[in-house]
Amino acid sequence: MTASTKIFIRDVFKSFGTKKGDVHVLDGVNLDVREGEFLAIVGPSGCGKSTLLNCMAAFEHITRGSIQIDGVEVDEPTKKRVFVFQETGIFPWMSVWDNIGFGVDEPDFEKKHEHVMKYIHLVGLEGFEKSFPAELSGGMKQRVEFARALAVDPDVLYLDEPFGALDAFTRLEMRREIVRIWRETKKTVILVTHDVEEALELADRVAVMTRRPATIHSVIDNPMSRPRDCDTDDFRDRKHAIFKILGVERRV
Amino acid sequence: MNDVRIKIAMQSGTTAGIAVAKNLEAAGRADKSAWPAKLGWSLAGWTIFVLAWHLVTLHNKISDIPTPMQTWAALAEILEQGVLWKNVVASVFRVAWGFAIAALVGIPLGILMGWYPLSRKLLNPVVQGLRPISPIAWLPIAVTLFGGSDWLIDASDKSAIFLIFLSSFFPIVTATTAAVATIERKFLRSAANFGVTGLDLFRRVILPAAMPQILTGLRLALGIAWVVVVAAEMLGVSSGLGFQVNDARNMLRNDWVTAAMVIIALIGLALDYGISSITSATLARRGVDQR
Ligand SMILES: Nc1ncnc2c1ncn2[C@@H]1O[C@H](COP(=O)(O)OP(=O)(O)OP(=O)(O)O)[C@@H](O)[C@H]1O
Ligand SMILES: [Mg+2]
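Protein chains in written order, with the working numbering: chain A, 1 to 252; chain B, 253 to 543.
Chain A extracted, bound-state conformation (with noise of 0.2 Å):
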């Protein structure tokens, strides 16, 4: 474990009991996140992405091996690591207001809104505070989300699946805005997907997971300045030698 390693993941074993027996999902998972990287994991789907970053959260408890997070064994959810959930997890009773301040503790009213409301903006929602999430688009939502997780200033932010359900050109937008936040705080960012381009256009790093029960077959470096410039050789080299990987025919 270097200095910069955020999360220490060792030999991390992780299956479900259920009535036709054991389904093994990990199978010796092994990955350092470096603090500060924006990495991505892709893999086949049903492999154990989602799992395994459930078990980053504390919210999946692995069967054996071992996951630090700044030296310490993950044992609990906490506000420090924010999970955004694939189809957003915001509360659908509560205004936009209420669900960024979800989590905000702050007995002061008036600290509390003044900090709401930076966050409101951070995610460009001015106007919608008063509004419900069945009254938001799909994007909409996903920024509400954004914005619950980033105002407990958590140090790391896990992200499932976060634009599965966007359409392609919010998806985009999206993709722009994620990365700026990253980039204007800081965070730590494990970003799961199944779409190689996706990690590859956001992540300095990605880790390609093998089918079930699954292992990080290895960690792709993807050094590239940004804003990123996405149709070069050296892109759609990365992009080949991981379907390769995976073991997709990229031809139809």
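Hints were generated in silico from the structure; no laboratory data involved. Glycine is no exception: its CB is placed at the ideal position from the N, C-alpha and C atoms. A hint or two may mislead.
Once the Cα atoms are required to be at most 20 Å apart in a straight line, the calculated SDA-like pairs of lysine to any residue come out as [what the hints assert, rightly or not]: (1) K438(B) to G139(A); (2) K79(A) to R441(B); (3) K186(A) to E87(A); (4) K80(A) to L535(B); (5) K438(B) to E87(A); (6) K130(A) to L535(B); (7) K79(A) to T449(B); (8) K111(A) to H121(A); (9) K130(A) to M117(A).
Covered stretches of chain A, as calculated for chain B (at least 3 residues, CB under 8 Å) [unchecked claim]: (10) 73 to 80; (11) 86 to 99.
Given the coordinates of chain A, assemble chain B with the ligands onto it according to the supplied hints.
Relative to chain A, chain B with the ligands alone:
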């Protein structure tokens, strides 16, 4: 932990509750037509019904099944007699008490059973076992339990209230249990993630997440309560709409019976309208239309 909860809810009788709730919701949502068209259709439906009623009872006397016209005339009569309002008040009073107590006991119990798997394992079989017993079958027990004392409210009222309580308690408890047991995992995980626990978790997440289904359960329960109160009042009480029906029958005035039935229907509709207005007002902003 939560998967287990969902699985158990699905295995137990609570699925019936969910299915009913879903159907009610779907029936409400599907109809997006404007109100004049809606009114037109219901008037057409009622015209067909009354016409059919008229045709099958064409030459009947009031001791047979009365015609719509005879019913209409009888309606005017019973409205004039003055006992009608007393009976309406008596029935509504019993329903209000029984329903309120059922909600006060049923919602907390449902939350307990929905949240703690152990309490559900222990209590749900009992609840589901007692549920199919018609409240009317409880009448002798109710009379034995409450027949002796006129403390606070009349003994006969107490038995009727107890029956209403029973009839609304089961739908409320079942709907609440299912609602809490099936709260989406991501909501509970979000709450845990932001360090919201204990009473705060209950107030800010569990209760509002379960609210749509609880409200549907309440609506269902009120409908059943209104059906049961009339049946309960046919036995052992001397007021209420059930008594009014029975009394009219004893006087061989079937036209008064059908007239009372019209009143029963109208009040039932009004109760349902009232509770569904409250429900839609609460849920409108969540994007759930109920009507
Ligand atoms: N609670 C659970 N109980 C039993 N099996 C589970 C549970 N959660 C996940 N699994 C199984 O673990 C495997 C990995 O699931 P996971 O959701 O982590 O996949 P994923 O890589 O995120 O897939 P996707 O890309 O489709 O989201 C799947 O085969 C799934 O059936
Ligand atoms: Mg997943």
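Can you confirm whether the C-alpha distance between K79(A) and R441(B) stays at or below 20 Å? Within the cut-off at roughly 12 Å; holds.
Are K438(B) and G139(A) close enough, with their CA atoms no more than 20 Å apart? holds (18 Å)
Between K111(A) and H121(A), does the CA-CA distance stay at or below 20 Å? Given pair K111(A), H121(A) holds - Cα atoms ~15 Å apart, limit 20 Å.
K80(A) and L535(B) were given as a pair; does the straight-line alpha-carbon distance stay at or below 20 Å? Roughly 33 Å separates the two Cα atoms, so the pair is violated.
For K130(A) and L535(B), compute the direct alpha-carbon distance and say whether it is at most 20 Å. Judged against 20 Å, a Cα distance of about 16 Å means the pair holds.
Does K130(A) pair with M117(A) here, judged by a C-alpha cut-off of 20 Å? holds (12 Å)
At a Cβ distance under 8 Å, does chain B reach at least three residues of the segment 73 to 80 of chain A? holds (count 4)
Is the straight-line distance between the alpha-carbon of K186(A) and that of E87(A) 20 Å or less? violated (25 Å)
State whether the coverage of the segment 86 to 99 of chain A by chain B holds or is violated, taking the criterion as 3 or more residues with Cβ-Cβ distances under 8 Å. holds (count 7)
If you draw a straight line from the CA of K79(A) to the CA of T449(B), is it 20 Å or shorter? holds (13 Å)
Pair hint K438(B) and E87(A), alpha-carbon separation not exceeding 20 Å: With Cα atoms ~9 Å apart, K438(B) and E87(A) stay inside 20 Å; holds.
Of the hints listed earlier, those the structure fails to meet are numbers 3, 4, in rising order.
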